[in-house]
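Enquirer: For the protein sequence lines, the chains are A and B, in the order given.
The numbering of the first sequence is this note's numbering, which starts it at 254 and goes up by one.
The numbering of the second sequence is this note's numbering, which starts it at 2 and goes up by one.
In short, the hints are calculated from the structure, not lab data.
One or more hints might be untrue.
[Stated by the list, open to error] One-sided and incomplete, this derived list gives chain A residues near chain B with beta-carbon spacing under 10 Å: (1) ASP299; (2) GLY412; (3) ALA463; (4) ALA529.
[To be verified] Derived lysine to aspartate or glutamate pairs resembling EDC-like cross-links, with alpha carbons at most 20 Å apart: (5) B:LYS523 - B:ASP61; (6) B:LYS127 - A:ASP299; (7) B:LYS354 - B:ASP488; (8) B:LYS195 - A:GLU345; (9) B:LYS525 - B:GLU267; (10) B:LYS215 - B:ASP61; (11) B:LYS339 - B:ASP488; (12) B:LYS523 - B:ASP209; (13) B:LYS127 - B:ASP444; (14) B:LYS442 - A:GLU345; (15) B:LYS510 - B:ASP61; (16) B:LYS127 - B:GLU140; (17) B:LYS441 - B:ASP488; (18) B:LYS441 - A:GLU467; (19) B:LYS442 - B:ASP472; (20) A:LYS382 - A:GLU467; (21) B:LYS442 - A:GLU467; (22) B:LYS441 - B:GLU460; (23) B:LYS73 - B:GLU96; (24) B:LYS441 - A:ASP299; (25) B:LYS195 - A:GLU421.
For each residue, glycine too, the CB sits at the ideal point set by N, CA and C.
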Amino acid sequence: MLAFLIQRVLQAIFVMLMVSLFAFSLFHYVGDPVLNMLGQEATEADRAALRAQLGLDQPVVVQFWNFIVNAVQLEFGISYRSARPVTEMILERLPATLELAIVSAIFAVVLGIVFGVYTAIARGSLLSKFIMAVSLIGVSLPTFLIGVLLIYLFAVNLGWLPAFGRGETVRIGSWWTTGLLTASGLRSLILPAITLGLFQLTLIMRLVRAEMLEVLRTDYIKFARARGLPQRVVNLRHALKNTLIPVITIIGLQLGTIIAFAIITETVFQWPGVGALFITAVRFVDIPLMAAYLMMIALVFVLINLVVDLLYYVVDPRLRVPGGSK
Amino acid sequence: MLKNIVFACALAVATVAIAAAEPLRWTRSADGLTLDPHAQNEGPTHALNHQIFDTLVFRDMDLILQPGLATKWYIQPDNPRVWVFEIRRGVSFHEGQALTAHDVVFSLNRARHEYSDMRGLLTSIKEVRAADDYTVHVETEAPNPLLPNNLTNLFIMSREWAKQHGVENPQNYAAGEETYAVRNANGTGPFRVKSREPDVRTVLVRNDSYWGIKHFPMEISELIFTPIESAATRVAALLSGEVDLLQETPVQDIGRLGNVPGIRNEQGAENRTIFLGMDMGSPRLRTSNAKNNPFADRRVREAINLAVDATTIQRTVMRGNSQPAGVIVPPFVNGYPKDLDRVVPADLDRARKLMAEAGYGNGFRVTLHCPNDRYVNDEQICQAVVSMLSRIGITVDLVAQTRSLHFAELARGEYDFYLLGWGVPTLDSEYVFNYLYHTKKGDRGTWNFTGYSNPRVDELTVAMGREIDVDARNAMMEEAWRIVHADIVYIPIHHQMLTWSMRDNIDFKVQSENTPHFKYLKFKR
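Assemble the whole structure, with the sequences as input and the hints as a guide.
Expert: Written out as structure tokens, the structure is:
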């Protein structure tokens with residue numbers, strides 16, 4: 254167990270290093286931050302001085318090394334754009350993204366499973382045909398378009414929900430802010446959560462439906478029916494339970510995607526999360542912020558994968574055999 | 002009895018004041034980068050800081066220079082190198098400190114510090130000193146008639162406050178820490194900061210002890226600023242009633258918003274002209290198959306000028322929201338050559354003839370570089386130029402990319418043919434000559450990537466920066482404009498227009514620098 258864990262952690266560190274190296278070599282193609290930082294009256298000498306001040310005149314390898322040394326100490330420097338510590342900026346924005354991601358994940362999982370089960374059981378019904386048709390929209394329309402359409406329908410035409418922002422927030426503890434405790438915060442959450450979760454919803458729904466159809470054909474379901482068990486028990490207890498194993502794997506992996514893909518939804522809804530922060534950083538070539546964000550996203554994916562791997566280890570006895578211990 | 006009358010009057014006055022005050026929710030695409038007034042020389046940052054701080058002089062909604070913290074300013078009669086500023090009395094900062102000449106001296110020196118981004122506007126200054134508590138003398142290296150024009154975004158801070166919070170110098174990025182002034186401000190301006198979440202929401206409340214409370218309408222009780230980056234969402238927020246005033250209305254939505262009941266558009270010329278630049282100085286072009294440099298030939302430049310149809314670009318690309326141009330400065334700039342700002346009508350026959358005369362009858366190939374997120378419809382303008390030039394045999398390859406790349410490569414002098422937009426913060430032609438026409442050498446001609454070099458223009462540029470006699474200066478500017486216009490250094494396309502959209506109970510007009518002064522805003526009733 255310990256050997257497996259150490260091996261996994263070493264792999265994770267290697268992945269993080271690769272991601273940061275890759276990110277750093279990319280920054281050179283994003284543009285020159287110095288031009289954004291100085292006004293048009295600045296001279297070439299001014300720019301050179303600022304470049305030296307920021308260490309941008311050094312070779313990429315040296316810059317990368319300095320970044321790693323600082324990153325290990327959780328020191329990501331200050332933003333070129335707003336002159337504030339990058340770690341603080343990300344922490345300040347993180348609650349908004351996590352709340353949005355979690356709410357839209359719950360929305361996607363609950364509705365995805367319900368619709369998936371329903372469309373599998375009542376395959377021929379009009380409603381399930383309708384749900385399947387609508388789910389095609391979720392799969393095929395790009396996120397930003399869904400967001401804009403929702404805004405125009407529910408904010409502009411109907412006037413029911415706000416078009417942008419997070420509403421009023423409440424501070425919990427020293428740095429966490431939540432919009433879940435105020436009416437305006439909850440209202441603001443609805444449209445972005447739907448926008449972000451719609452793709453995952455349709456994905457989960459189609460997966461559950463396919464798995465359900467598969468399981469419903471198996472012998473033990475026939476036996477269960479033959480035993481005279483009620484339809485509800487057969488469907489939910491016997492069938493659904495056995496479809497959930499691949500679904501859970503997908504949900505785990507999709508959670509990382511939801512956090513990373515929040516960028517587009519956050520931009521459309523001016524949601525004050527880390528994704529929107531990242532987009533602004535890219536426009537400005539705010540290297541410290543971009544680097545810290547990419548490291549954070551890499552960390553999220555690496556951690557999720559690590560947890561998934563460890564869960565497999567716990568769940569699947571075959572993985573434990575070669576080690577022999579326990 | 003008397004006491005009661007006084008009380009009733011006071012109550013009446015108070016009621017009127019309360020009735021007149023309303024909150025205003027304001028949005029635009031970008032937030033100010035910092036509240037430190039000397040750390041960034043950038044439009045949205047200045048626009049926000051103008052609500053909180055004051056400058057010695059400022060441009061009002063019609064761009065006229067108005068007294069701010071200086072009540073009078075003039076060149077010292079016996080010494081043309083010294084500007085005298087008489088400081089307004091009885092002004093206090095939001096936290097209570099009284100304003101004196103020492104705060105002004107401190108602020109100007111802070112802005113001249115090596116970490117200040119405002120330094121570029123103050124390079125002519127030799128020394129700033131307080132003659133007494135309410136008089137400031139600014140001595141320049143040489144006579145500088147334009148000094149006050151360079152001070153319109155130069156905000157005055159409290160010396161005592163800066164000392165107290167350790168922010169005597171602007172941000173130093175190498176130090177790697179946030180300074181107190183980034184998120185806290187103590188100005189003398191019409192609004193105080195109530196709360197600030199950068200990029201999310203900034204709430205300002207009216208400063209009831211503002212020195213100008215009687216001079217300006219000051220009808221906004223609370224100014225709530227929420228930047229919205231996505232253009233569609235910004236418009237939706239106005240339509241759904243979540244904001245009251247929208248700066249930078251996207252061109253494609255202007256027509257639509259104009260038809261919505263309860264919303265109106267205000268339009269005006271922006272302080273920015275869009276034009277094309279060509280490298281005429283290099284012996285050969287980097288991206289062309291031509292043997293020599295075709296741009297070095299005036300006939301080729303004239304042909305391009307005749308082929309690029311600014312009127313068509315205005316009609317199709319800009320949907321009418323621009324003013325086709327014949328020169329590269331907008332009309333309100335001092336020294337603007339009105340008779341030259343005439344659009345050259347497209348004349349393809351003559352253009353083809355000129356190309357043939359220059360020896361390029363079969364055309365040539367060149368790459369045009371263009372930003373795609375900097376100016377209004379910048380990429381589409383370039384696409385139009387590509388098809389217009391193909392009609393006179395010039396095959397143009399278009400490279401449109403984000404501003405951070407475009408301006409970095411432009412600054413390295415890597416472009417043969419490029420699109421650029423230019424605003425004139427000093428509102429004086431000298432600025433344009435200094436940065437765009439003077440030979441690229443040292444501190445001058447820093448944005449002249451054309452290789453254009455004309456000794457007479459250089460001479461006039463330096464002279465107009467020092468001449469304090471108005472008539473003599475005007476003559477210099479006129480001569481210089483005639484020379485560069487005849488030489489066809491740039492191909493002007495249009496002056497950009499600005500559109501602000503707002504609820505129709507708001508009485509406010511567009512300010513051409515895109516800097517709203519909300520102390521002027523009135524509500525209709």
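Enquirer: Hint by hint, note whether the structure agrees.
Expert: Right, here's what the structure says about each hint:
| no. | hint | verdict |
| --- | --- | --- |
| 1 | ASP299 | 7 Å, holds |
| 2 | GLY412 | 6 Å, holds |
| 3 | ALA463 | 36 Å, violated |
| 4 | ALA529 | 7 Å, holds |
| 5 | B:LYS523 - B:ASP61 | 15 Å, holds |
| 6 | B:LYS127 - A:ASP299 | 19 Å, holds |
| 7 | B:LYS354 - B:ASP488 | 19 Å, holds |
| 8 | B:LYS195 - A:GLU345 | 19 Å, holds |
| 9 | B:LYS525 - B:GLU267 | 15 Å, holds |
| 10 | B:LYS215 - B:ASP61 | 16 Å, holds |
| 11 | B:LYS339 - B:ASP488 | 18 Å, holds |
| 12 | B:LYS523 - B:ASP209 | 16 Å, holds |
| 13 | B:LYS127 - B:ASP444 | 17 Å, holds |
| 14 | B:LYS442 - A:GLU345 | 46 Å, violated |
| 15 | B:LYS510 - B:ASP61 | 11 Å, holds |
| 16 | B:LYS127 - B:GLU140 | 6 Å, holds |
| 17 | B:LYS441 - B:ASP488 | 17 Å, holds |
| 18 | B:LYS441 - A:GLU467 | 74 Å, violated |
| 19 | B:LYS442 - B:ASP472 | 28 Å, violated |
| 20 | A:LYS382 - A:GLU467 | 19 Å, holds |
| 21 | B:LYS442 - A:GLU467 | 76 Å, violated |
| 22 | B:LYS441 - B:GLU460 | 13 Å, holds |
| 23 | B:LYS73 - B:GLU96 | 26 Å, violated |
| 24 | B:LYS441 - A:ASP299 | 16 Å, holds |
| 25 | B:LYS195 - A:GLU421 | 16 Å, holds |
Of the hints listed earlier, those the structure fails to meet are numbers 3, 14, 18, 19, 21 and 23, in rising order.
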